[in-house]
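Top to bottom, those sequences are chains A and B. Residue numbers for the first sequence follow our numbering, beginning at 2 and rising by one. Residue numbers for the second sequence follow our numbering, beginning at 5 and rising by one.
Check each hint, because a few of them may be wrong.
[Claimed, not checked] Partner residues are not named here, just some residues of chain B that face chain A (Cβ under 7 Å, in silico): (1) Ile184; (2) His188; (3) Ser191; (4) Pro231.
[Said to hold, decoys possible] Derived, one-sided and incomplete: chain A residues facing chain B with beta-carbon distance under 7 Å: (5) Leu76; (6) Arg79; (7) Lys80; (8) Ile84; (9) Lys90; (10) Ile92; (11) Leu103; (12) Pro104; (13) Val107.
[What the hints assert, rightly or not] Pairs of lysine-lysine, DSS-like flavour, derived with a Cα cap of 25 Å: (14) A:Lys14 / B:Lys270; (15) A:Lys69 / B:Lys197; (16) A:Lys90 / B:Lys129; (17) B:Lys272 / A:Lys70; (18) B:Lys270 / A:Lys106; (19) B:Lys270 / A:Lys90; (20) B:Lys80 / A:Lys90; (21) A:Lys70 / B:Lys201; (22) B:Lys272 / A:Lys16; (23) A:Lys47 / B:Lys272; (24) A:Lys90 / B:Lys33; (25) B:Lys6 / A:Lys80; (26) B:Lys268 / A:Lys70; (27) B:Lys272 / A:Lys74; (28) B:Lys268 / A:Lys69; (29) A:Lys106 / B:Lys129; (30) A:Lys106 / B:Lys6; (31) A:Lys74 / B:Lys197; (32) A:Lys47 / B:Lys201.
Derived from the structure by calculation, the hints contain no laboratory data. Ideal Cβ positions, reconstructed from N, Cα and C, are used throughout, including at glycine.
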Amino acid sequence: MILAKNLTLSYDKRKNIIENANFLIKEREFIFISGSSGSGKSTLLKSFYGDLSINNGNLFVNKHDLTKKDDSKLLSLRKDLGIVFQDYKLIQDYTIEENIMLPLKVHNYADDVSRAQVKKLLKHVKLSHKIGAYPAELSGGEQQRVAVARALAHNPSVILADEPTGNLDDYSSDMIWTLLKNANEHLGITIVVVTHRIPTDLGIKYRRFNIEEGVVYEAS
Amino acid sequence: MKLLKSFFSFSLPLVVMLFMFSIYLIVTKVVNNYKENIINDYAIVIITNTPFSSIDSLAGIKVKDIEPLSREKIIKNVQQNLSDTSISLLQKKLPYFYKIYLAEFPTTLKLEKIRKELMTISNIKKIETFSNDHNKLYSLLILVQNIIFILFGAVLLLSILLLSKQIKIWFFEHNERISIIQLHGGSLLYSSKPIIKVILGSAFFSSILASSMLVVVISNIHMIIEPEIMSLIPTVLSMEMEIMKIFVLSVIIPSITFFGLLVKYKLK
Numbered sequence: 002m003i004l005a006k007n008l009t010l011s012y013d014k015r016k017n018i019i020e021n022a023n024f025l026i027k028e029r030e031f032i033f034i035s036g037s038s039g040s041g042k043s044t045l046l047k048s049f050y051g052d053l054s055i056n057n058g059n060l061f062v063n064k065h066d067l068t069k070k071d072d073s074k075l076l077s078l079r080k081d082l083g084i085v086f087q088d089y090k091l092i093q094d095y096t097i098e099e100n101i102m103l104p105l106k107v108h109n110y111a112d113d114v115s116r117a118q119v120k121k122l123l124k125h126v127k128l129s130h131k132i133g134a135y136p137a138e139l140s141g142g143e144q145q146r147v148a149v150a151r152a153l154a155h156n157p158s159v160i161l162a163d164e165p166t167g168n169l170d171d172y173s174s175d176m177i178w179t180l181l182k183n184a185n186e187h188l189g190i191t192i193v194v195v196t197h198r199i200p201t202d203l204g205i206k207y208r209r210f211n212i213e214e215g216v217v218y219e220a221s
Numbered sequence: 005m006k007l008l009k010s011f012f013s014f015s016l017p018l019v020v021m022l023f024m025f026s027i028y029l030i031v032t033k034v035v036n037n038y039k040e041n042i043i044n045d046y047a048i049v050i051i052t053n054t055p056f057s058s059i060d061s062l063a064g065i066k067v068k069d070i071e072p073l074s075r076e077k078i079i080k081n082v083q084q085n086l087s088d089t090s091i092s093l094l095q096k097k098l099p100y101f102y103k104i105y106l107a108e109f110p111t112t113l114k115l116e117k118i119r120k121e122l123m124t125i126s127n128i129k130k131i132e133t134f135s136n137d138h139n140k141l142y143s144l145l146i147l148v149q150n151i152i153f154i155l156f157g158a159v160l161l162l163s164i165l166l167l168s169k170q171i172k173i174w175f176f177e178h179n180e181r182i183s184i185i186q187l188h189g190g191s192l193l194y195s196s197k198p199i200i201k202v203i204l205g206s207a208f209f210s211s212i213l214a215s216s217m218l219v220v221v222i223s224n225i226h227m228i229i230e231p232e233i234m235s236l237i238p239t240v241l242s243m244e245m246e247i248m249k250i251f252v253l254s255v256i257i258p259s260i261t262f263f264g265l266l267v268k269y270k271l272k
């Protein structure tokens, strides 16, 4: 659940990027946030995972109040989230297995449980044969599938994805959409995706928020 | 390769610092042994008109013992050439002699203080501190000890600076990895696990190297130290405590530097 009340965001307090946003994202929803370049889509998403302080208003993510910045609360919030980035953000000197294992290690999962979970996820994203490879040895599409697997590893209640298909070809993009759709449909994970390219044939019920000149509104 | 480079970058300042610390420990050990040896032979002699009452300390140094010198023995030593009348007069007029033993050997400055303190006691007629007997060598040893301590302080400061630079470089190099781990809920301390392992590994390696040097030096100390001082040092110097101190220092210094920087990094 994500709840914003009169949410205002800015980087330098001179110009607000998001102004007085009010919305509620319920559990198990699939949400797209769209808008033109520089409209503040990624800024809004950053505030969801606590990477940006709130200027005004209130923001609740999974019952975590992000109105006031608190490092310990921030870490516990992030343990509840899965995040997928446009540039994958995989650790280059970790193998694929170690990258996917990262949130599990942070959650203090036992090693054998973590390894079993990684194997299951790699099978799910069709990359079992790449378990010992390093990110540099994978294509962009494969790296993004690893990033999705990592986001799913610790069974988060929300996945936030910032332009997850921005760097990918159509084939890889389709695979990523399918993975996110399955996570929502079968695992009940709330998905929030920032994108300027909403797939036409997703085959799932979703809501779309649009951002224009700092105003967030629900588009039909 | 990168890990090995990091390991040696951390080890080098630590090894230099611990070597300096080992030298300081050796010199301190030699000075302390010398002090212990000479203090058994050393006493201040005072001459008083009346029997002397006891004193606990002089110039902050504990008085170990006050031993009266037998008056009969003194008279016996000189009576051969004296008449009976002179002897009986001597018996009446002879002052009291005392040897004051101290718990530790005093420095020149403290010796002067002791003399002044004793002079304030009214019935003391004369004080003999025998300051020239041991003082030159002792002062020289203290000077060497102090110089080495100052050098150690400078090397320690330099090592801390180098260690903190290395840690900063590591944070800079691994900035992306740290931010990715933090995005997944890992704390700064958690994301610093690799550097903590390198620091502890270097500390262990450096302390072994410095301890080995200490053992080698102590085992061959007769080749380094002048025979004059050597005669005052026990043949076997125990080193367990010194090795423990080296190990503790090798862990404490990089740990304090690391956690200090971590706090600074967190506050930023």
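Quiz prompt | List of violated hint numbers, smallest to largest | solution = 4, 15, 16, 20, 21, 24, 25, 29 and 32
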